[in-house]
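Protein chains: 2
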Amino acid sequence: MQKSNLFQFVCESAKQAALLSTAADTLEWDERTGMPHSAGDYRAEQVSYLRGLAHQKLTDGRYRESLQELLEQISDETASIPFAITISKLHRDLQRNTKLTTQLVEQMAASTVRGQQQWDAARKSNRFCDFKRILNEIIQLKRESAELLRQGTEKNCYEALLDEYEPNATIEQIDQLFSALRPPLVDLIQRIQSASKRPDPTLFRRNLSLEKQKQLSLHVAEAIGFDFKRGRLDETSHPFCTTLGPNDCRILTRYDQNNLGTGLFGTIHEAGHGMYEQGLPEESFGLPLGSYASLGIHESQSRMWENQVGRSAAFWRWITPKLQDLFPKQYANVGEQEFYFAANEVEPSLIRVEADEATYNLHIIIRYDLEKQLINGDLEVDDLPDAWNLRYEQDLGVKVQQDRDGVLQDVHWSAGLFGYFPTYTIGNLIAAQLFSKAEESIDHIDKQFSRGNFQELLNWNRIAIHRHGQSMNSDEIVREATGNELSTDFLVNYLRAKLETLYQL
Amino acid sequence: MQKSNLFQFVCESAKQAALLSTAADTLEWDERTGMPHSAGDYRAEQVSYLRGLAHQKLTDGRYRESLQELLEQISDETASIPFAITISKLHRDLQRNTKLTTQLVEQMAASTVRGQQQWDAARKSNRFCDFKRILNEIIQLKRESAELLRQGTEKNCYEALLDEYEPNATIEQIDQLFSALRPPLVDLIQRIQSASKRPDPTLFRRNLSLEKQKQLSLHVAEAIGFDFKRGRLDETSHPFCTTLGPNDCRILTRYDQNNLGTGLFGTIHEAGHGMYEQGLPEESFGLPLGSYASLGIHESQSRMWENQVGRSAAFWRWITPKLQDLFPKQYANVGEQEFYFAANEVEPSLIRVEADEATYNLHIIIRYDLEKQLINGDLEVDDLPDAWNLRYEQDLGVKVQQDRDGVLQDVHWSAGLFGYFPTYTIGNLIAAQLFSKAEESIDHIDKQFSRGNFQELLNWNRIAIHRHGQSMNSDEIVREATGNELSTDFLVNYLRAKLETLYQL
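Residue numbers (the working numbering), protein chains in the order written: chain A, 1 to 505; chain B, 1 to 505.
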């Protein structure tokens with residue numbers, strides 16, 4: 001076959017696989033937005049059948065041979081053209097897809113389904129011992145997978161797992177970043193804890209009608225630039241963002257009648273993810289050039305909108321009148337400065353998803369250290385709760401009283417997501433670094449935010465990040481957008497500048 | 001291969017095709033409940049890809065050969081056992097699926113997509129002339145399809161189309177039923193029109209909060225027996241019912257702020273369809289024994305709940321206090337008898353979907369007569385509006401002033417649904433006949449309804465209809481459930497008994 005025909009065939013196959021996997025994603029979106037209670041078993045059958053067909057598409061003989069043949073035609077000179085990038089990324093996915101045996105993939109799917117069920121039950125009953133057996137089984141399977149995935153590479157086991165979420169990231173790089181980040185964070189948090197000035201801890205915790213919180217979320221998501229002609233906002237139990245087609249991005253949040261932050265920051269965070277998806281090249285949907293670069297880059301987008309924008313003084317200058325208007329009984333006399341301070345309350349706590357910007361990364365570092373040890377065999381599952389609790393006391397100064405607020409709080413490990421946690425902090429670092437550059441590039445960015453104008457920041461991200469898809473990797477994107485290698489300086493400086501002023505340190 | 005292995009393979013294939021087509025149904029449900037505006041093109045790609053895969057599953061070589069081999073093993077003695085019924089029904093579907101050429105199927109799909117778009121535009125602009133060309137094209141394609149489908153049968157073209165919706169129905173049978181039905185209906189309607197007693201036409205047309213109408217719909221659907229653990233109720237522009245899995249039935253209705261009947265009867269009607277689907281044998285989902293027998297039987301279930309139940313005096317005795325409670329300003333002083341009479345207002349009108357129980361079937365008979373002529377070539381599309389308007393004047397005594405209230409009102413023909421309309425009236429006939437038997441079999445059915453107890457009627461239908469799936473055909477189901485062949489007597493007697501009393505004829 002001609003090269004152009006081969007390429008067309010490969011792209012067609014990838015796009016057909018995307019038709020199948022986005023159909024499965026739609027079924028999962030439905031599952032999490034009100035599917036009838038008893039429909040779960042059949043839904044699982046539908047989804048796994050569709051995902052199986054997509055996997056077949058991307059591993060069958062003709063597809064493999066075509067990709068192989070095309071790969072051989074890529075030389076160093078052509079490596080950066082879209083054709084070559086598409087081929088090499090698809091080939092990379094193919095290798096991941098084919099290195100694992102079908103038996104292992106099926107075992108992993110079965111174990112992680114049971115894993116999540118048993119985790120859920122163990123968390124409810126607060127009994128880590130009920131979760132130990134399946135967690136051991138999952139770790140064993142992940143190690144086997146990692147051994148297969150690292151073949152032919154220089155990665156160790158943990159890196160082979162990490163690679164799925166943050167391509168080419170190394171332990172060395174992450175260790176370096178995290179060890180540079182920890183001391184200044186710990187220092188900042190300690191100084192905040194001994195500060196005499198504190199925000200009003202009740203401000204966000206007033207009773208607020210769910211209906212009006214939804215109105216607020218829609219208003220904010222639209223204002224920052226989420227395109228509702230090409231997406232929608234729904235409610236679910238655990239917020240997420242999923243893309244069902246080139247013009248169909250779904251973001252989901254949850255609301256708490258007694259917590260303004262839950263719904264509002266959840267919405268801004270997911271809208272950040274959504275705007276990245278909406279900014280990827282439409283015409284390449286289902287192909288590498290139309291897909292996100294890495295989870296770290298994805299998280300940088302959600303975090304930038306949630307924190308650098310949503311927790312800025314200018315944002316609260318803009319939204320305060322709206323809040324006074326929507327909730328006159330609760331907020332008629334609350335000013336923008338009080339809101340801004342409350343949005344930046346720093347307090348070491350047990351639960352990652354409720355953590356503030358400063359302490360959040362300490363939660364991640366703990367998880368990263370422990371999961372590396374679990375995968376490397378340096379930590380036994382039996383000893384995990386004690387190790388967890390010790391680290392929380394050392395790193396955050398808080399005492400875990402029960403495993404449901406400790407080692408059982410996150411779903412990730414039960415779902416087999418080892419190597420996923422560090423991408424959250426990588427995202428935070430990238431967000432701060434990108435935003436620092438955006439602030440330099442955009443005139444009067446604060447004034448714009450305080451008028452509810454976020455378009456220029458979105459455009460900046462469209463150009464610096466979104467339009468590239470996977471045509472550059474995460475490191476290249478950061479370097480090209482900011483002129484620097486990824487560094488912890490930007491996040492540290494940003495947090496110091498904001499929090500030292502607020503807490504009058 | 002062994003017979004049992006062949007049978008297993010065939011059933012597995014059919015169930016896999018069902019996984020794909022229910023996935024497509026889920027995507028279409030989503031499309032009609034709030035999919036983002038711009039997502040339509042990709043959604044169409046997803047759905048047609050999934051439907052194409054399902055079609056492949058049910059027509060590929062090995063599946064055909066297996067079915068053929070199994071079919072040859074069925075003798076007269078074994079014809080009624082589940083194995084034989086499954087094989088012969090699947091073989092019947094296979095024949096329908098393979099008689100049409102791929103080219104014709106694709107042309108039809110393309111023409112009916114454009115057909116519905118152009119119908120929608122023509123109806124909005126009230127210009128039948130803009131719809132003529134595509135309607136001609138669709139009729140031509142339907143004739144070609146019919147010619148292929150009738151090969152090897154004794155059917156004529158129209159019957160070959162009808163067969164898809166009402167297996168084995170004949171023109172002779174339908175002509176006979178419809179010509180027996182028309183005179184007594186016309187007589188009854190005329191007598192009602194000259195009656196001096198009339199219901200209050202404004203009663204159902206008061207301004208009623210949509211939120212409370214939704215509460216009412218949920219309350220009624222649950223009370224009559226729709227299982228919300230295995231289904232849900234949503235809003236859409238054109239009400240329908242769709243089944244996404246053995247435990248996942250979705251019903252959809254619409255609400256009108258100024259019409260109580262739109263939402264309430266829409267809900268009861270769709271819940272009737274839904275309860276049939278929920279009563280089909282779960283273990284045979286995706287196979288003939290787990291599928292509905294015919295559209296006529298399906299419609300008998302929706303109509304029975306909507307009319308024989310929802311428009312009964314006992315139903316209004318039950319629901320009146322609820323209405324007074326939900327809408328005190330509008331209904332505090334309205335009694336059950338007034339509601340009951342208003343729910344049974346008879347008035348010849350132009351629009352089928354708004355027609356009452358008595359005139360409704362005249363709308364169907366007109367469509368049936370005209371579509372037969374269109375397919376047989378006895379009526380040209382150019383002459384269709386005049387023919388339509390003439391029949392409305394003759395049959396219903398109403399004058400069509402504009403095509404949007406006449407020949408352009410229904411979507412069916414633009415979607416290629418020729419042979420579909422008569423199933424509505426067949427459903428009405430079956431509903432009346434079944435309900436007459438149910439009334440005999442269930443003690444104090446009226447007293448039960450007036451207490452909000454509908455369980456016995458549902459159980460009766462579960463046993464008489466639902467559990468059979470396609471193990472009996474429509475005629476057999478009616479005969480076994482009622483002891484009689486399908487007849488117009490039951491509907492005529494039911495309408496006379498109710499309406500003569502209400503209107504004091």
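Keep in mind the hints are simulated off the structure, nothing from the lab. Keep in mind it's a predicted model, so treat the numbers as computed, not measured. Do not rely on the hints blindly, as some may be mistaken.
The list treats identical chains as interchangeable, and a pair is accepted whether it falls inside one copy or across any two copies.
[Claimed, not checked] DSSO-like, lysine-lysine: derived pairs with alpha carbons at most 30 Å apart:
| hint | residue 1 | residue 2 |
| --- | --- | --- |
| 1 | Lys329 | Lys212 |
| 2 | Lys214 | Lys99 |
| 3 | Lys197 | Lys155 |
| 4 | Lys124 | Lys229 |
| 5 | Lys15 | Lys132 |
| 6 | Lys322 | Lys124 |
| 7 | Lys437 | Lys399 |
| 8 | Lys3 | Lys437 |
| 9 | Lys214 | Lys89 |
| Which of the listed hints are not met by the structure? | Hints 2, 3, 5, 6, 7, 8 and 9 contradicted; others consistent.
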